[in-house]
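**Q** Work out the full structure, taking the sequences as your base and the hints as a guide.
Chains as they are written, first to last, in numbering that gives the first Met the number 0: chain A, 0 to 210; chain B, 0 to 343.
If you're looking for bench data, these hints aren't it; they were derived computationally from the structure. There could be a bad hint or two in this list.
[As the list claims (entries may be wrong)] Only part of the chain B face toward chain A is listed, based on derived beta-carbon distances under 10 Å:
1) 62
2) 66
3) 70
4) 71
5) 74
6) 104
7) 105
8) 112
9) 137
[Unchecked claim] Partial list, derived from the structure: chain A residues whose beta carbon lies under 8 Å from chain B:
10) 22
11) 24
12) 26
13) 31
14) 33
15) 40
16) 42
17) 129
18) 163
Yeah, the Cβ is synthetic: ideal placement off N, Cα and C, and Gly gets one too.
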Amino acid sequence: MKKQIVEAGGEALRPQARINNLVTRELPDEELVYDLKTHQAYCLNKTAAAVWKHCDGHKTIEEIATLVQQETNVMISNAMVKVALHQLGRANLLEQRVDFLAEQPSQLRREILRRIGLGAAAALPLITSIIAPSSAQAMSCGDPNNNTNQNAVGCSCQSNNDCNNNCCGFGTICASLGVLSNGSLCRVNCECAPGLTCKPPSPGLPQRCLP
Amino acid sequence: MKGKIIAQILAAEWIPSLSISADELAQVAPLLLNSGGGAWVWRQIRQTDLKETPAAHELHQAYRMHALHVAIKELEIARVFTDLRSNGLEPLMGKGWVIARQYPEPGLRPFGDIDLYVRREQYNEFRAALQTGHGGDIDWHNGAAELDDRSFEQLYAHSQLIRAGKVDVRVFGPEDHLRLLCLHFLREGALRPLWLCDIAIALDALPPEFDWDYFLSGNQRRSEWAVCTIGLARQLMGVNIAALPIAIRVAKLPCWLVPVVLREWGKGKVTHGRRVRMATYLQHPAGVLTALRERWPNAIVASVGTKAPFNNWPRLPFQLGECVLRTTGFVRKIPSLLRTSNVS
Numbered sequence: 000m001k002k003q004i005v006e007a008g009g010e011a012l013r014p015q016a017r018i019n020n021l022v023t024r025e026l027p028d029e030e031l032v033y034d035l036k037t038h039q040a041y042c043l044n045k046t047a048a049a050v051w052k053h054c055d056g057h058k059t060i061e062e063i064a065t066l067v068q069q070e071t072n073v074m075i076s077n078a079m080v081k082v083a084l085h086q087l088g089r090a091n092l093l094e095q096r097v098d099f100l101a102e103q104p105s106q107l108r109r110e111i112l113r114r115i116g117l118g119a120a121a122a123l124p125l126i127t128s129i130i131a132p133s134s135a136q137a138m139s140c141g142d143p144n145n146n147t148n149q150n151a152v153g154c155s156c157q158s159n160n161d162c163n164n165n166c167c168g169f170g171t172i173c174a175s176l177g178v179l180s181n182g183s184l185c186r187v188n189c190e191c192a193p194g195l196t197c198k199p200p201s202p203g204l205p206q207r208c209l210p
Numbered sequence: 000m001k002g003k004i005i006a007q008i009l010a011a012e013w014i015p016s017l018s019i020s021a022d023e024l025a026q027v028a029p030l031l032l033n034s035g036g037g038a039w040v041w042r043q044i045r046q047t048d049l050k051e052t053p054a055a056h057e058l059h060q061a062y063r064m065h066a067l068h069v070a071i072k073e074l075e076i077a078r079v080f081t082d083l084r085s086n087g088l089e090p091l092m093g094k095g096w097v098i099a100r101q102y103p104e105p106g107l108r109p110f111g112d113i114d115l116y117v118r119r120e121q122y123n124e125f126r127a128a129l130q131t132g133h134g135g136d137i138d139w140h141n142g143a144a145e146l147d148d149r150s151f152e153q154l155y156a157h158s159q160l161i162r163a164g165k166v167d168v169r170v171f172g173p174e175d176h177l178r179l180l181c182l183h184f185l186r187e188g189a190l191r192p193l194w195l196c197d198i199a200i201a202l203d204a205l206p207p208e209f210d211w212d213y214f215l216s217g218n219q220r221r222s223e224w225a226v227c228t229i230g231l232a233r234q235l236m237g238v239n240i241a242a243l244p245i246a247i248r249v250a251k252l253p254c255w256l257v258p259v260v261l262r263e264w265g266k267g268k269v270t271h272g273r274r275v276r277m278a279t280y281l282q283h284p285a286g287v288l289t290a291l292r293e294r295w296p297n298a299i300v301a302s303v304g305t306k307a308p309f310n311n312w313p314r315l316p317f318q319l320g321e322c323v324l325r326t327t328g329f330v331r332k333i334p335s336l337l338r339t340s341n342v343s
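**A** See the structure below:
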């Protein structure tokens, strides 16, 4: 991604949203974006989502601010749009990342809060990363006695063919690929970290991931 | 105790007087997140004071993640069906996305795999057609085990086309799907609370033309189990089935059923399939006692495994019977398992 340095206020800038390799889902008060390239997930609050939506490469910052204000019924300044653009750029959601040299985002944010007051802080554009909690899918494993299912990681298996990642690991459970470190007990090579091989340290001993 | 709290939270969609404390939520949140119910619980608590608690934050994140995940999976589902059709193949899809789409919002019901059911004689053809390019997201079902008291022709005849993104996908008809959900829930020992939610959601979304005679046709023991599961959804989720023709049949559940389900939910086990296979202990005997204890079948699994009626008789004989059946099957396999492990 190109980086565009904006020396002055950047009011003439016409930012363009990235559309390729992104999956989006609109929720009542926010928009979720998943980057298929980097496998990062982001949550855009209402203001950030509205700014992003209007980044079509034609509208200026001022025009975007006006449109977002009309849609959200909240006072939106150019500075708020700039903060949004800064965050969108950092999340790789713009065709060109923009840096406002003259006004650092933290300064902009302080300036905005001074003007609109803390009570309206919820209107500030905000983009956060989504980190999945340790939630399993509601999946079920196939019948371990019936090799016809392609099982997910964690399910029982008899051969690599039983697992959807072709890695039937130690304990005959479909294993995550390449996660075992040097010395860990293993069953097949695919379990071991890159550069390691699953083999017995000496004849007769259980197999371990070894260089 | 935890099982009861989980049931109370999940049922808040149908019984809206949720009264649990932040501590109680914190207690059960990991179990719910781990079993895929986090997003559904977020929906139940997001209008309450509980939404500001740390546990709620985790549940909210789960909701967001699942909402995105569903969007990504829909693209994958469309690709799979397009690729299979270009090879002249048409599978039936069930569970996962099929039930997730009936929830009130996307993202409330996560799913891992795309469950595709195919005729046994076409199984290899299907597998070969999607050999590359679809990662490991497909859970192929060689036939439909829970519905094998109906022919595949019947299943196709009752199937429906519904929209997934830009493609129409073929899914089980509502009667077959509800029966599948019920029997799958039981076969898996009622481990995941969300699976009962699925049944409650499916009951809420029954089309007016739902054919109860067809739903109840086939193996009568299985029909009886399915009806019991609907009764369970009424009792634990609070779904209203008073207007359904089977309402009288589901009025009385066997006395052991609800306690078993709540106990399983409280334990927070994920699936039976995540256990180490018994064959492993032939070579590494340490831990075999724990493994045997883990394999003690709950009353539901034992009843289904031994094809027993769901009545008030004690379940211990069926649990013992199920153990005998499994052990016999395992012992028969030992020679081939030993041969396989020697080769590898």
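**Q** Run through the hints listed earlier and report the numbers of any the structure violates, in increasing order.
**A** Violated: none.
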